[in-house]
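Whole structure, please, built from the sequences with the hints as guidance.
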Amino acid sequence: MEPTIRVQAEDFDAGCEEALLTQGRRDVGALVTFTGLCRDEEGTLAALELEHYPGMAEEEIGRVAQEALARWPLVGLTIIHRYGVIRPGERIVLVSAAARHRGEAFAAAEFLMDYLKTRAPFWKKERRVDRADAGWVAAKAVDDEAAARWEKL
Amino acid sequence: MEPTIRVQAEDFDAGCEEALLTQGRRDVGALVTFTGLCRDEEGTLAALELEHYPGMAEEEIGRVAQEALARWPLVGLTIIHRYGVIRPGERIVLVSAAARHRGEAFAAAEFLMDYLKTRAPFWKKERRVDRADAGWVAAKAVDDEAAARWEKL
Amino acid sequence: MKAVYFAWVRERIGLAEEDLAPPREVETVRQLIDWLAARGEGYAAAFANPKAIRAAIDKSHVAPDAPIAAAREIAFFPPMTGG
Amino acid sequence: MKAVYFAWVRERIGLAEEDLAPPREVETVRQLIDWLAARGEGYAAAFANPKAIRAAIDKSHVAPDAPIAAAREIAFFPPMTGG
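As you go down the protein sequences, you meet chains A, B, C and D in turn.
Counting from 1 along the first sequence, just add 11 to a position and that's the residue number in my numbering.
Counting from 1 along the second sequence, just add 11 to a position and that's the residue number in my numbering.
Counting from 1 along the third sequence, just add 911 to a position and that's the residue number in my numbering.
Counting from 1 along the fourth sequence, just add 911 to a position and that's the residue number in my numbering.
These are computed hints drawn from the structure, not numbers from a lab.
Beta carbons are placed, not taken as given, at the ideal position from N, Cα and C, and that holds for glycine.
All clues stand as given, with none of them false.
Below, computed lysine-lysine pairings styled on DSSO-like, alpha-carbon distance capped at 27 Å:
#1 D:913 with A:136
#2 D:913 with D:962
#3 B:151 with B:163
#4 B:136 with C:962
Residues of chain B placed beyond 10 Å of chain A at every Cβ, according to the derived structure:
#5 14
#6 73
#7 136
#8 147
Laid out in structure tokens, this is it:
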């Protein structure tokens, strides 16, 4: 199974991506789609600037996808990650995993998000409503922990 | 937060339901959508007949939704369950949970599916391609176990 | 008291619903199942394995020892297989 | 060897990329970081806390003790915050 991986500045349509994974198929029992969106942090965030490492971003997401495929028998997988300026309410990332059974689809989608957070070469800079200077978002220990728990499985 | 709950014979559009949960909002950071579909079981299944208990189906899904809302700070929740004749490739159930953070949205969506499986009053009858008689699907111990693991949390 | 049946419970009994008037000594769901099982062949087949039967009173799940005195509608069905 | 920098590593150095020709005794990623940190103020600021620096060789993550001899492109950046 060849996953669909896209790194793009443009927005995406979650419903359209889900339809592509299932249409014309009769072997998909479960589809789990995660969409990550930009929050306005109680009105304080004006926008995120997402920097990425072109080339490595696609390659690293591909490696993470292969790890998921080695762990769970997915029948379809789409991962999209945007870069550039993203405003509150807009979509940032999509992971959509299709499987025969729901446990596999849930686990794969959550694993992929945890791994993308800590391994995909993207960096967020925050533009605040009330400040001229933008600051880089610090990596969170909680994200490292979320990724680390899959090592034990 | 008032969840949207629908029990219906008609198909639904996952992308449309997801859009309704997020449009015009700036406080949603994570949206997890589960779609359950009818598999053809390697070509042996002609259709599922889904029987339900009208009235109780909506009420019980509502109770399960309130349990999820008591456990996780969701900002949006939609649950749709179909009944009637459903053919391979068609959608059966949708759970879409919106939250600020991804862990909450993933946990709530998986909890809801595990609980719907064992508590929502729906029963599946299988029409086989090669047999005239249809048989009722037996409840699975694995589904009881999936629901039971949430009791420990 | 209205009784409603679903899935193979409904099929074995041959009815989707009926009115029941059990005697006063039938006080719990379990006792109602035993009383129903003695009503004829279809009922006996439907309730042959009480462990495979789930019940709801007024559209809420109940345990076998739940009292039935206040029930307006009691439902019997197999374990759920939705989702 | 081409070096590429991202996020605040790029900002502090003031360059997105450059060609590097480290001396032969610089054999590992860690040694290259030390060598870069001594090149000037911006580099010193970028690499002040080596624990906060991640590296990739030819677009794959590598550990600080990875050899750099065969590298065509080496990247330095902070911990990732995508997703």
